[in-house]
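Going line by line, the protein sequences match chains A and B. Going by this note's numbering, the first residue of the first sequence is number 1, and it counts up by one from there. Going by this note's numbering, the first residue of the second sequence is number 1, and it counts up by one from there.
Errors might be hidden in some of the hints.
The following label-pair restraints were derived from C-beta to C-beta distances [as the list claims (entries may be wrong)]:
#1 A:46 / B:80: 39 to 49 Å
#2 A:87 / B:47: 25 to 35 Å
#3 A:73 / B:40: 51 to 61 Å
#4 A:46 / B:78: 45 to 55 Å
#5 A:10 / B:87: 46 to 56 Å
#6 A:38 / B:8: 20 to 30 Å
#7 A:87 / B:36: 22 to 32 Å
Think about it this way: if two alpha-carbon atoms lie no more than 30 Å apart in a straight line, the pair counts; the simulated DSBU-like pairs of lysine-lysine are [to be verified]:
#8 B:90 / B:16
#9 A:69 / B:90
#10 A:28 / B:76
#11 B:16 / A:16
#12 A:90 / A:28
#13 A:28 / B:60
#14 A:19 / A:34
#15 B:76 / A:69
#16 B:69 / A:90
#17 A:19 / B:19
#18 B:19 / A:69
#19 B:16 / A:90
#20 B:34 / A:60
#21 B:19 / B:76
#22 B:34 / B:19
#23 A:69 / A:16
#24 A:60 / B:16
#25 A:28 / A:16
In silico negatives: residues of chain B with every beta carbon more than 10 Å from chain A [said to hold, decoys possible]:
#26 3
#27 37
#28 42
#29 49
#30 54
#31 56
#32 57
#33 60
#34 66
#35 72
#36 82
Hints are computed from structural coordinates only; laboratory data are not their basis. Source: prediction; values computed, not measured. Ideal Cβ positions, reconstructed from N, Cα and C, are used throughout, including at glycine.
Protein chains: 2
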Amino acid sequence: MNTKPIPPITSDDLAKLFKALSHPTRIKIIEHLKAIDQCICGEIVSIFPLSQSTVSQHLKSLREAGLIKGEVEGPKTCYCLNRDMFETFKRAVALL
Amino acid sequence: MNTKPIPPITSDDLAKLFKALSHPTRIKIIEHLKAIDQCICGEIVSIFPLSQSTVSQHLKSLREAGLIKGEVEGPKTCYCLNRDMFETFKRAVALL
DNA sequence: ATCGTTTATCGTAGATTAACGATTAAACAA
DNA sequence: TTGTTTAATCGTTAATCTACGATAAACGAT
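Model the full structure from these sequences, guided by the hints.
Structure representation (structure tokens):
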């Protein structure tokens, strides 16, 4: 009968997502990607008064949490929001 | 005319709330308080396989983020969810 | 007044985070 | 081929986090 619902994200999973978003820079990256749909790493770097390596680290955190996707295009990397994951996250928060 | 909306929580504020919720134990504390409305510190401690001092630290994090309120009642402390703040938080996430 | 209970705080150790500059790797341009 | 650009990774440092046991403070009970 399959009455079993999809397990609605554990506290551990949700904690990881919260942690990924627990830095203002990472929130701003998400907001930016939400607004412009996609962009090159360098453009994101140029938004912040931070070094390239630091921004790259933040992007890595978000990527590892599944919130963004990065696609290599030649020497550049194009980032975009993972809208599925982002919506899953927002739904989980709404259900808290 | 007061068309100016209430500033909708900065990235810094939101990051602090995310950080407060970035640990599974703290999420579970919130869920518990949401469910039972209020309870004594000792009851929360007994839920987790953690020392009293560690749980007390987690409660402090949540208190400092404004997500819970603690009221001293004799030698005990009664904790409850700060529903206003919690709803503000959820609204902010929904608007992301 | 003393004792037991409850909870917050202190001090500490180990892990993790955030920042940086330097380096590396990959791709394109000349 | 050589040089330039782009972005990831490495290594480091300082700060913060998580956990613990020990202690202190506040109260109620005897």
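Requested in this report: Check each numbered hint from earlier against the structure, then list the numbers of those it violates in ascending order.
Outcome: 5, 10, 15, 20
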